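S.K.: Here are the chains, one letter per residue:
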Amino acid sequence: MSKSFLEVDGLSKVYPDGQGGELTVFEDIRFALEKGEFVCIIGHSGCGKSTILNVLAGLDEASAGNVVMNGKEIKGPGLERGVVFQNYSLLPWKTTLNNIVFAVRARWPEWSKDKVKEHSERYLKMVGLDHALNRKPSQLSGGMRQRVSIARAFATQPELLLLDEPFGALDALTRGVIQDELVKIWEETRQTVFMITHDVDEAILLSDRIFLMSNGPNARIAESVKVDIPHPRARATIFQNPAYHKTRDYLVDFLVNRSGSALPEKDGTPKIVEPAQGVAQATPASADAETESDSESESDTAARAVNA
Amino acid sequence: MASLNVRAALLSVSFLILALGLWEMATQPPEAQTGLTEYEMLMGGVEQESRVPPPSAVIKLAWAELSDPFYDAGANDKGIGIQLAYSVYRVLTGYLAAMAIALPVGFLIGMSPLMYKALNPYIQVLRPISPLAWMPLALFIIQDSDASAIFVIFICSIWPMLLNTAFGVANVRQDWVNVARTHELGPLRTAITVILPAAAPTILTGMRISIGIAWLVIVAAEMLVGGTGIGYYVWNEWNNLDLASVIFSILMIGVVGMLLDLALGKAQKLVEYNE
Ligand SMILES: Nc1ncnc2c1ncn2[C@@H]1O[C@H](COP(=O)(O)OP(=O)(O)OP(=O)(O)O)[C@@H](O)[C@H]1O
Ligand SMILES: [Mg+2]
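Chains as they are written, first to last, in this note's numbering: chain A, 1 to 308; chain B, 309 to 583.
So that you can see chain A by itself, here it is in the shape it has in the complex:
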């Protein structure tokens, strides 16, 4: 039965409600992730996304159900799963470089000092921070801190990366830049990523699939939405793809109108939805060409703007 890379089976979380009763935050969460997939999860605040992610990370325990990765049940935290926290969670007494070194050394204790340093520097370079190696986190902007945090997670090359609203605290401009960086690193490494976000556009830009959660209490992962846009994607041009709009409309409609009542399949697995199915075929050839030339001129303008 366990064929997928990660299998989540019947997860639920129950808290005492403070009046002697019980409060089921979410129940019977079932899904599977394949190796190399990028999956985002969206849902209204309080439905339990962070809790699910923390269970996957091994930092929290579910009240029922289990998680199996690579055929082994997850019982606690482990280096094969990397976590990027919303508040960065860098160690403030260590420099940027030493924050990465800390992680790399934990991952490969047998490596020599030089090798650890070289490896850490390479990942800091990937996020464009090779000029800030010796600064403390308090001397970095929020965006730079989150980059360090992302570099730390990627540097340990975990089999599964867990990101809890990594860009939630950033302004729109910085967020865009780091999203592009994340796309770039992911295209390079093709790691399996499970990410929480509140941003529909961010989810479409990054993911292969998007899980939609219904509202809590008793929240479920109701649907799994396929994002039918080829890689590599870019923030500047993704708007040109007709599948983008179909997908976006579908997600927004779910969040606004249906998240209160949506239910998964009878067997508890999310309903598989492909909002952009057939879009490519349905679009007339001429329109297709038009969008393509459009996108070209758009990226030309973008390039010129960058050069200017």
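Treat the hints with care, as some may be off.
[Said to hold, decoys possible] Examples of chain A residues lying across from chain B (beta carbon under 8 Å, computed):
{"#": "1", "residue": "P77"}
{"#": "2", "residue": "G78"}
{"#": "3", "residue": "F85"}
{"#": "4", "residue": "L91"}
{"#": "5", "residue": "T95"}
{"#": "6", "residue": "Y250"}
[Unchecked claim] The calculated lysine-lysine pairs, modelled on DSSO-like cross-linking and capped at a C-alpha distance of 27 Å, are:
{"#": "7", "chain 1": "A", "residue 1": "K136", "chain 2": "B", "residue 2": "K577"}
{"#": "8", "chain 1": "A", "residue 1": "K94", "chain 2": "B", "residue 2": "K577"}
{"#": "9", "chain 1": "B", "residue 1": "K574", "chain 2": "A", "residue 2": "K136"}
{"#": "10", "chain 1": "A", "residue 1": "K94", "chain 2": "B", "residue 2": "K574"}
{"#": "11", "chain 1": "A", "residue 1": "K94", "chain 2": "A", "residue 2": "K115"}
I should point out that these hints are in silico values taken from the structure, not numbers from a laboratory. Nothing here was measured: the structure is a model prediction, and the numbers come from that model. Positions of the beta carbon are idealized from the N, C-alpha and C atoms, including for glycine.
Chain A is fixed; fit chain B with the ligands onto it per the hints.
M.R.: Here is chain B with the ligands on its own, set in the frame of chain A:
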């Protein structure tokens, strides 16, 4: 901003001159007396030493003492440097012993709510006891005055260190502990590489409070046990009615206390971090 420092320094010096001037004036020997009182006749005339000495006398004495601080002319006549060294030695011995217990136990209490609950009542009862109240018991059990003084230092410096360590360790941000957990650090590595640096500023605040208290207490303890040390020296000079020496040693107690605090302050700077 430099001008602020200069102005502050000028003002400090003026205050000093003003205070010394007032002191000097207030302690001038009285004008020619009309006659001796009955008491003075009994004491054999006006005793110069029974008045508070003027600053000039204290400075003269300080100069003489500080130009040869380590002379040793018998049990009751040792240089100020030797006396201070005895006190500092006792303070540091008791303090280090307290550290050796307070840091690990503080860690344990901070990490384990069970230990905290179990040990807290004892700490709450023992902590408010004046360290000098332990002296008779210490003298009886240890049977050695020097070791008893060290024990008193030990007992008074342990509490701030213990409580601050426990508090600092218990309040390490869960995020940082989670970073250690997701990187599969064992308990010992977590304690050393994450919890210790995270709690270090709080721990050092406790250590700084402790050294201050220890220095306060050593003077009183040495007055009680006698023999050597700056506390004994002050008491001895008082018995000799050598008030210039008393005032001089009071100032030296202040200076050494300040240096100890400065050293801990420097250490505190080293482990501080900004979030
Ligand atoms: N210790 C607790 N006791 C009771 N309820 C709790 C406790 N911790 C979390 N909850 C509840 O669990 C629910 C899920 O919390 P969680 O942080 O996972 O939500 P989330 O989906 O990540 O929300 P957000 O999008 O705002 O981050 C919340 O409704 C919260 O009230
Ligand atoms: Mg959350």
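S.K.: Sort out which numbered hints this structure fails and list those numbers smallest first.
M.R.: Per hint list: 5 and 6 violated.
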